[in-house]
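*Asks:* Sequence:
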Amino acid sequence: MTVAPAGPGFSTTVEALRPRQWQLGPGQPTLVMDQFSAEDFHLIVDDRADVHVSSKDGRFYLGWFPHGRPGTDGEGWKIAVTGTARVRGYHLSFDTETPADIVAAAVARVLETSRRL
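For the sequence shown, the numbering used here assigns the number 118 to the initial residue and increments by one for each residue that follows.
It cannot be assumed that every hint is accurate.
[What the hints assert, rightly or not] Now the in silico label distances, taken between C-beta atoms and shown as ranges:
#, residue 1, residue 2, range
1, Arg226, Thr130, 30 to 38 Å
2, Thr129, His184, 36 to 44 Å
3, Leu209, Pro187, 14 to 22 Å
4, Arg233, Asp190, 33 to 41 Å
Hints in this document: simulated from the structure, not taken from any laboratory. In this text, a Cβ means the ideal position worked out from N, Cα and C, and glycines have one as well.
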């Protein structure tokens with residue numbers, strides 16, 4: 118069934134307006150961590166049980182903070198790539214409740230864009 122707009126606007130279907138189910142909760146962080154090899158990355162677990170992964174060249178960093186990154190408001194994941202003299206780097210943050218599947222997809226894409234020099 119299509120609902121016709123009374124004037125300017127858009128039309129939709131009743132089915133399109135039904136509530137959806139969304140993935141919620143942190144999920145399994147191993148989905149993220151399993152993407153890193155000891156050959157190319159350093160892994161450190163600190164005294165707070167936070168996990169830090171960095172590339173051997175030091176330009177990539179991933180931090181997982183299960184109880185929130187100190188000094189932030191619930192930041193659970195931090196991804197950073199250091200720039201060069203010509204191009205700035207970037208960083209991404211996700212809160213502690215972001216599903217690991219989402220973080221894993223972002224990490225996979227970042228890793229896909231890297232290449233050995």
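*Asks:* The structure should be examined with respect to each hint, and the outcome stated for every one.
*Replies:* Evaluated hints:
1. Arg226 - Thr130: 30 to 38 Å: Roughly 33 Å apart at Cβ, these two residues keep to the hinted range, so it holds.
2. Thr129 - His184: 36 to 44 Å: Cβ of Thr129 to Cβ of His184: about 42 Å, so the range 36 to 44 Å holds.
3. Leu209 - Pro187: 14 to 22 Å: For Pro187 against Leu209, whose Cβ atoms are near 18 Å apart, the range 14 to 22 Å holds.
4. Arg233 - Asp190: 33 to 41 Å: holds (37 Å)
Violated hints are absent here; each numbered hint is respected by the structure.
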